[in-house]
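Chains A and B, in that order, are what the protein sequence lines are.
Counted from 1, the first sequence has number 68 at position 63 by the working numbering; the numbering is strictly sequential.
Counted from 1, the second sequence has number 553 at position 89 by the working numbering; the numbering is strictly sequential.
Don't take every hint at face value.
[What the hints assert, rightly or not] Now the stretches of chain A that chain B is said to cover, found in silico as 3 or more residues with beta-carbon under 8 Å:
hint, stretch
1, 24-38
2, 60-69
3, 89-97
[Unchecked claim] The list that follows gives simulated cross-link-like pairs (lysine-lysine, DSBU-like), each with its CA atoms no further than 30 Å apart:
hint, chain 1, residue 1, chain 2, residue 2
4, A, K11, A, K72
5, A, K72, B, K478
6, A, K73, B, K557
7, A, K72, B, K557
8, A, K72, A, K109
9, A, K72, A, K104
10, B, K478, A, K73
11, B, K478, A, K7
[Said to hold, decoys possible] Computed footprint of chain A on chain B, listed as stretches where at least three residues anywhere in the stretch have a Cβ under 8 Å from a Cβ of chain A:
hint, stretch
12, 476-485
13, 509-515
14, 531-544
15, 574-582
What the hints contain is simulated information worked out from the structure, not anything from laboratory work.
From the three backbone atoms N, C-alpha and C, an ideal C-beta is built for every residue, glycine too.
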Amino acid sequence: MKLEKKYSDGHLALSLEGELDQHTAQGLFREMESVMDRYLPRSCAVDLSRLSFMDSSGIAVVLRLRKKAGENGIKIWLEDPSPQPMRVLAASGIGRLVKIENRKGSVNR
Amino acid sequence: MKYENYIKMEFPSKTANESMARSVAGVFAAQLDPTMEELGDIKTAVSEAVTNCIVHAYPDCLGRILLRCRILDKNRLEIVVRDWGRGIEDVEKARSPLYTTGGEERSGMGFTIMESFMDKLTVRSRPGEGTTVVMVRVIPQRTKKS
Numbered sequence: 006m007k008l009e010k011k012y013s014d015g016h017l018a019l020s021l022e023g024e025l026d027q028h029t030a031q032g033l034f035r036e037m038e039s040v041m042d043r044y045l046p047r048s049c050a051v052d053l054s055r056l057s058f059m060d061s062s063g064i065a066v067v068l069r070l071r072k073k074a075g076e077n078g079i080k081i082w083l084e085d086p087s088p089q090p091m092r093v094l095a096a097s098g099i100g101r102l103v104k105i106e107n108r109k110g111s112v113n114r
Numbered sequence: 465m466k467y468e469n470y471i472k473m474e475f476p477s478k479t480a481n482e483s484m485a486r487s488v489a490g491v492f493a494a495q496l497d498p499t500m501e502e503l504g505d506i507k508t509a510v511s512e513a514v515t516n517c518i519v520h521a522y523p524d525c526l527g528r529i530l531l532r533c534r535i536l537d538k539n540r541l542e543i544v545v546r547d548w549g550r551g552i553e554d555v556e557k558a559r560s561p562l563y564t565t566g567g568e569e570r571s572g573m574g575f576t577i578m579e580s581f582m583d584k585l586t587v588r589s590r591p592g593e594g595t596t597v598v599m600v601r602v603i604p605q606r607t608k609k610s
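Work the whole structure out from these sequences, hints included.
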């Protein structure tokens, strides 16, 4: 599981690569949390286009990130989920809580 | 029950084994010529079932997990994930969406995802004796069998 981060002008762009499950979720969340604490951005986009697999452990990570962002006044959304993670996101109904954007148009489900 | 092929494997309840378990199930399922979406669904359901064993069946210790995949008649893929852990008191409650005893690290969506990604889900459990999850997914035949 790889996390790439780019910060510019109040915006934090995070990108996940690899497989997100119970084995990788805790370490990933801690890393994302510490990046948020370091930069304290106004907005944060999490790119899921290179995430090849995600199960419900990923839903828990998104919910915890949303909570963390809410506590710090950070606007957060997900971007371009690849097909398998998108099916898990859709089945969970998390699109009602966190915006899911695809750069061809919004697919907030 | 008649079957065309099967695999059976046992492994300890370590999170590092989750990706191995879903990959094995995916490779086994590949002989039914599933679509990428079907393959993703099967791997996700296996990942959820195995994670439940690790997090809920054996919360404080390592235990055995059994994964058995069988191809039944009419292109039905059956997957069994079994543990000998602490079991589930109320299976119906455990299966309801968002219910979890795993704290904020869990979303409570595991059984919901298994249910929506597979055609059939059966959960048998006895407190103190363990849990058996049986999932079936029909893979429509697309290519002629040789």
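Against chain B, does the stretch 60-69 of chain A show at least 3 residues with beta-carbon separation below 8 Å? holds (count 7)
Can you confirm whether chain B covers the stretch 24-38 of chain A, using C-beta to C-beta distances below 8 Å and requiring at least three such residues? holds (count 6)
Mind checking the alpha carbons of K478/B and K73/A for me, to see if they're no more than 30 Å apart? The given pair, whose Cα atoms are some 28 Å apart, holds under the 30 Å limit.
Going straight from one Cα to the other, do K72/A and K109/A come out at no more than 30 Å? holds (27 Å)
Has the given pair, K73/A with K557/B, been kept, meaning a C-alpha gap of at most 30 Å? Holds, at roughly 29 Å.
Hinted pair K72/A and K557/B, Cα distance within 30 Å: Satisfied, since the Cα-Cα distance of roughly 26 Å is no more than 30 Å.
Chain A over the stretch 509-515 of chain B, status - at least 3 residues with CB closer than 8 Å: Holds: 3 residues of the stretch 509-515 of chain B have a Cβ under 8 Å from chain A.
Cut-off 8 Å, C-beta pairs, minimum 3 residues; does the coverage of the stretch 531-544 of chain B by chain A stand? violated (count 0)
Under a C-beta cut-off of less than 8 Å, do 3 or more residues of the stretch 574-582 of chain B approach chain A closely enough to confirm the stated coverage? The restraint on the stretch 574-582 of chain B holds, since 5 of its residues have a Cβ under 8 Å from chain A and three suffice.
Just to be careful, I want the Cα atoms of K72/A and K478/B compared with a cutoff of 30 Å; is the pair within it? holds (28 Å)
Taking 30 Å as the top limit, are the C-alpha atoms of K478/B and K7/A close enough? holds (21 Å)
Does K104/A lie within 30 Å of K72/A when you go C-alpha to C-alpha? The hint holds at about 14 Å.
When the structure is compared with the earlier hints, a violation turns up for hint 14 alone.
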